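4 protein chains.
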Amino acid sequence: MKAQRVEMYVCPMSSPSDTSGLQNLADEGKIRPETLVALVGKTEGTGAHDDWGRVWADVALREWTAKFCGIPVADVAKQVIFVLSGGCPGVITPHIAAVTREWVEAPDSGDDKRLVVGRAGSEAIAPEEVGRMGQIRKVATATRAAMSDAGLTDPHDVHLVMVKVPGLTVASIRDAESRGQTVVSHDLTFGPEGAGSYANDAAALGVAMALGEVPESALSDEVVRRKWELYSEVAMTSSGGEKRHGEVVVFGNSAGSRSPLRIGHAVTKDFIDAEGVRTALRSAGVKFNGGLPDEGDLSRLVHVFAKSVIPGSDQIRGQRITLLDDTDAYQIGKALGGMLIASVTGRTTNYVSGGERNSHQGPPGGNIVAAVVRV
Amino acid sequence: MKAQRVEMYVCPMSSPSDTSGLQNLADEGKIRPETLVALVGKTEGTGAHDDWGRVWADVALREWTAKFCGIPVADVAKQVIFVLSGGCPGVITPHIAAVTREWVEAPDSGDDKRLVVGRAGSEAIAPEEVGRMGQIRKVATATRAAMSDAGLTDPHDVHLVMVKVPGLTVASIRDAESRGQTVVSHDLTFGPEGAGSYANDAAALGVAMALGEVPESALSDEVVRRKWELYSEVAMTSSGGEKRHGEVVVFGNSAGSRSPLRIGHAVTKDFIDAEGVRTALRSAGVKFNGGLPDEGDLSRLVHVFAKSVIPGSDQIRGQRITLLDDTDAYQIGKALGGMLIASVTGRTTNYVSGGERNSHQGPPGGNIVAAVVRV
Amino acid sequence: MKAQRVEMYVCPMSSPSDTSGLQNLADEGKIRPETLVALVGKTEGTGAHDDWGRVWADVALREWTAKFCGIPVADVAKQVIFVLSGGCPGVITPHIAAVTREWVEAPDSGDDKRLVVGRAGSEAIAPEEVGRMGQIRKVATATRAAMSDAGLTDPHDVHLVMVKVPGLTVASIRDAESRGQTVVSHDLTFGPEGAGSYANDAAALGVAMALGEVPESALSDEVVRRKWELYSEVAMTSSGGEKRHGEVVVFGNSAGSRSPLRIGHAVTKDFIDAEGVRTALRSAGVKFNGGLPDEGDLSRLVHVFAKSVIPGSDQIRGQRITLLDDTDAYQIGKALGGMLIASVTGRTTNYVSGGERNSHQGPPGGNIVAAVVRV
Amino acid sequence: MKAQRVEMYVCPMSSPSDTSGLQNLADEGKIRPETLVALVGKTEGTGAHDDWGRVWADVALREWTAKFCGIPVADVAKQVIFVLSGGCPGVITPHIAAVTREWVEAPDSGDDKRLVVGRAGSEAIAPEEVGRMGQIRKVATATRAAMSDAGLTDPHDVHLVMVKVPGLTVASIRDAESRGQTVVSHDLTFGPEGAGSYANDAAALGVAMALGEVPESALSDEVVRRKWELYSEVAMTSSGGEKRHGEVVVFGNSAGSRSPLRIGHAVTKDFIDAEGVRTALRSAGVKFNGGLPDEGDLSRLVHVFAKSVIPGSDQIRGQRITLLDDTDAYQIGKALGGMLIASVTGRTTNYVSGGERNSHQGPPGGNIVAAVVRV
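Chains as they are written, first to last, in our numbering: chain P, 1 to 375; chain L, 376 to 750; chain U, 751 to 1125; chain R, 1126 to 1500.
Bear in mind the hints are in silico, worked out from the structure with no lab data behind them.
The structure presented is a predicted model; accordingly, all values stated were derived computationally and were not measured.
Ideal placement from N, C-alpha and C gives every residue a C-beta, glycine not left out.
Any given hint might turn out to be false.
What the hints assert, rightly or not - Below, in silico cross-link-like pairs of lysine to any residue (SDA-like), each with a Cα-Cα straight-line distance of 25 Å or less:
| no. | chain 1 | residue 1 | chain 2 | residue 2 |
| --- | --- | --- | --- | --- |
| 1 | R | LYS1368 | R | GLU1302 |
| 2 | R | LYS1352 | L | LYS644 |
| 3 | P | LYS269 | L | ARG675 |
| 4 | R | LYS1368 | R | VAL1198 |
| 5 | P | LYS269 | L | ASN664 |
| 6 | P | LYS67 | P | ALA106 |
| 7 | U | LYS977 | P | GLY180 |
| 8 | U | LYS817 | L | GLU670 |
| 9 | P | LYS2 | P | GLY29 |
| 10 | U | LYS993 | L | THR394 |
| 11 | L | LYS405 | P | GLY318 |
| 12 | U | LYS1037 | R | ARG1407 |
| 13 | R | LYS1412 | U | GLY1096 |
| 14 | U | LYS1037 | U | PRO1010 |
| 15 | P | LYS269 | L | GLU670 |
| 16 | U | LYS993 | L | SER389 |
| 17 | L | LYS602 | R | SER1140 |
| 18 | L | LYS644 | P | PRO12 |
| 19 | L | LYS442 | U | GLY1096 |
| 20 | U | LYS817 | L | ARG437 |
| 21 | P | LYS78 | P | ARG5 |
| 22 | P | LYS243 | R | SER1140 |
| 23 | P | LYS227 | U | ALA921 |
| 24 | P | LYS287 | L | LYS644 |
| 25 | R | LYS1394 | U | GLY1096 |
| 26 | U | LYS1019 | R | GLY1471 |
| 27 | L | LYS662 | P | GLY276 |
| 28 | R | LYS1412 | U | LYS817 |
| 29 | P | LYS243 | R | ARG1407 |
| 30 | L | LYS644 | P | LEU298 |
| 31 | P | LYS2 | P | ALA38 |
| 32 | P | LYS287 | L | GLU670 |
Unchecked claim - A short, non-exhaustive set of chain L residues, derived as facing chain U with CB atoms under 7 Å:
| no. | residue |
| --- | --- |
| 33 | PRO391 |
| 34 | GLY420 |
| 35 | TRP427 |
| 36 | GLY428 |
| 37 | TRP431 |
Work out the full structure: start from the sequences and follow the hints.
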């Protein structure tokens, strides 16, 4: 029987174009052109849509990957999925995580479930579908395909779904309207009524639909960014105007895996819930001694993925905060998520994205945390 | 024998001019004109030197206090010390803590040390002394006087010293230079070479000298903001150009106290050291169950005072962070301190000031945390 | 025949609560309780909705006015209209302009039209009307009433209409939805889809409707913040959640006025159109010698009122700019308007509000400039 | 006789890595490997020291130039001088200006002075010399060498000197101190006491010394960033820690030039002095009709170079401004300079650098403006 063997290597980056960590992995034979399936990372820069740190990192990483794989830059996207999240304010170390997958001949491993990864692209998503049921359904379909690619059938085995979908642009709005269609918003930002927020949140609901977290019957155009009680516990989504198709990467645990890694997740109950972060790490197998992982367990913790969505309310545990009014709430909100994770893991190489206000990624006020641990 | 009885009440504020919490305390008889000794708080606003939220709060609180005490506004400063720290980015609830002290007839309480508070003003500090030995010595003298006022003799019983000193202004620099004197800096900001930073740090060294944390022989003009291994573990200092005299409030524990409260402190080892925060709370008597206080112990935790000075290095536990380069490092640095404390206390009404880069307030990279607990 | 005599005095402020300029005017007898009709100013601070500089200024100015007029603070709004615009980034001097009106017995002055001012309140505007036809119509009605109060009948004589309307709040949205109504947006900001922007822009269209700049038949809920070719050339509007009624102040020229002042206006064609600013000043009677007013004419220029709305396009005269992507576009956009005016007037005490993106206040890309000149 | 023929082509850039404008010039034969001497531009991004837009532009432009010239990237600096100024807030179009120089056989052109350009490197500048007389003297020597390379002997013919010098870094400070030397500042920023500001300003004084604007006898370590009445009217300087040698480019007019271009300059008297900008353009030969260039003259205006240093005072023409306290004064100060120039030229492709506070680049409160015009 063919079994997956998935590995994940986290490389700190000294600048947006630093590929030396990947090159070291390549030189050591840890990543090979035929095993590299995804690059997931945090890049330093403003985190805004014109974050040149992220753009430059994307260019540099694609060039490196093309050379590494011996393929044209234009073909890199077909072979390796890139998820680059811009902005490392505070205590988030810029880094790139390389995910590899190889297939090994192995007997069924029994009940001991280990990390698997699967990928899929969605059908093309039209501008008028962005942030609406059209997008939700196409992301749901792609999520199911990625589960299938991962060899996962039970949604409970899925612990992290990273999705990239098309957003809206001036050009795509013009295209839709020239065909007599409407679009979900003319605000191109990630603000409360921004197209970017709608795209991200419809993607999250697509994941929720695929995993049965939300029944299709509860979904409609009207619930997106309105009914916050509908959400996914495992979807981390992003959107960009330059794409027409969605991309989905699913991480889960499977008995049919020979990986030395395992993934777990949990959601925090509110913005300062360090215990929720510990719960996520425990679910992946980390043991705690007081507030921090046991010394040995920290070395077994491969990586943490977390969202840091700003709550919609100005109250935390009954007290008022001014975060919603902070001039730079987007940066501060992301930075605070970085600190919450670092205060629990005791290190700074964590993947933390966020800063947006409210989301179907995780419950109202809470955030998704997933952890990958070496068994 | 006369013994102190000190109380501390924390009132969340719904706006910079919100004195309703104080009025409630007054109505309930918890604070009285003759017992109110200090108001210490965090005010919402930009945290910059022209933070109108803080200025307005100061005006409103002084007016309220004058009316409460039945004295002119100009006399309030003689009776009640104000320490208002501007800026509540992230998860720091705007609040004011009222500190009261009364004298009760009581037998010596033996070894059970409880909270005492003492205050003192310094001699006038000339502009040419700011950030230099002149200021260090005058703050040291005032710290000793405040210890005496608190009834404290052993520096180990001192857990928090809040100091306000004069900074430099365009006018005071002109004054000094017209008399043939030099000043420590022409930069009036809290930047690395700013007069505000020099004033704060000389104040911290003054506390360190008074408490014997740094021998006077190790001190000179040259070490201020240069020799970071010289520092106080208990000094939280601020400076403002409008003043000529320093003000010192000392908090400590004394066997000659009848307070229901106790104070403790510790310093964190680095910027993400949640365990260091727990150590501070434990030192005051809080018990932890895992990462958070026992349910009952949280209700006993009256208040936490913490600094959040940004480290001078771009490395935390061997990994690079970009905090020093963040556009808004001052805000983000302060906000991150708020999250670190909140992640441990599980609440947001914490006094967290900071954002400046490097300081003699606490060790290099680490920060001071003090906690007041109901026994 | 009764004729208006309107005066306008501009007082720089040294802090948000500085009322010394107004007190001087009062001491000199230039403003009297029965003649003061409006206070219009720029206050220093963040310019955000929680701009404590503006809030504090509002409190201080209302207290001063109450004492000056011998009325309770709560009654000030009935007697004097306040228009305080927060944020003076760059080269905008914080200031308050006092507008007085008295009635003098005078023969008709013939063709020489001079400054008149009129005020009116609108009917209560329900949350579901904000940003929609309901608000547009009510502002139009109030604008006509204010014209009537000013003694103006010809819309061509109207050169500046300042309007304050209710915005939306969490509470007012809840109220509307509990009654089965919808609201124009759940985004409470001044962003592209923000309720604040919708409220401001519906107010501008209300003025346009009253003045015949836009026919009522062209107006509907759907055109607000969509059809930018519909706009007013004289409306400067703002909104705040705390109000239920709109307030309107109209400035114009009338033959039935005995004022020593005259007003004029023009709109700029784009964001860098200094010549458009000169056209506005010329329309009020300022003469130019090259790019700047004649020396004598500058002293005759009493005040300039200008909007600085950010263009919706990233092109100016065929070249790309990055203003739309600037992190702090709101501040920078306002600051740039201040520089454009100052570069033409040669002084910094100008009323410049703005920073929002796109508006029905002025034509697409252009901005409104009005000037008051001593004849 | 050999005469210079200098050309300057301004290419708007659509992104930091956009080299299409240069490629077009190359394709049209306007720039050739042997004629390209300098690339001077404004790049979009944060303008901070970790401005990845500028860094990426630098990488992309050097790669393009290496390919264009047929040389290794490492050799580009020897052949083409790069001056990239980061940050285009507001109305500054990102662009690159290519400067070419070729030598033509020509009789002396008589009194009609035309544009020449000259370049020179300085001796290595040690860290302990940065911001002090050592640097001043070496920049002065290099400025004289660049004048010589340009064929200029009379300082009055010099209208713009662009200088890049080494700044300080953590490493270079350590190097100096390990050798028992001191450095001018430990603040690595461009703040009032920052090493970057000292380096820039010593470079400006070096130019002033070379051109006789300031006598060497008036110069000393102590005057740098203290005696603001010492300044250059033509120096635009920048510094970066990565370099050991200074680079100087001199632009002037010479009778021995066959260029179709001429340069002129002036300094503004204060931050809003549009007339000073017009004076600079007039000095290069632009004619004005009112506040803007004649239609035809605008097409003859090739480029404007301007500084936008923030004044040290909070007063402009007797009125207070809050620019010095603006949170983002660095960005706003730069943006305002862009508007001041655009309000006079009527276009946005202007080179405007600045944002720092006070400088020996231009007189106190004023700024340098140079213009290149097609004759």
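**Item:** Violated constraints from the hint list, given by number and in increasing order
**Value:** 2, 6, 8, 17, 19, 28, 29
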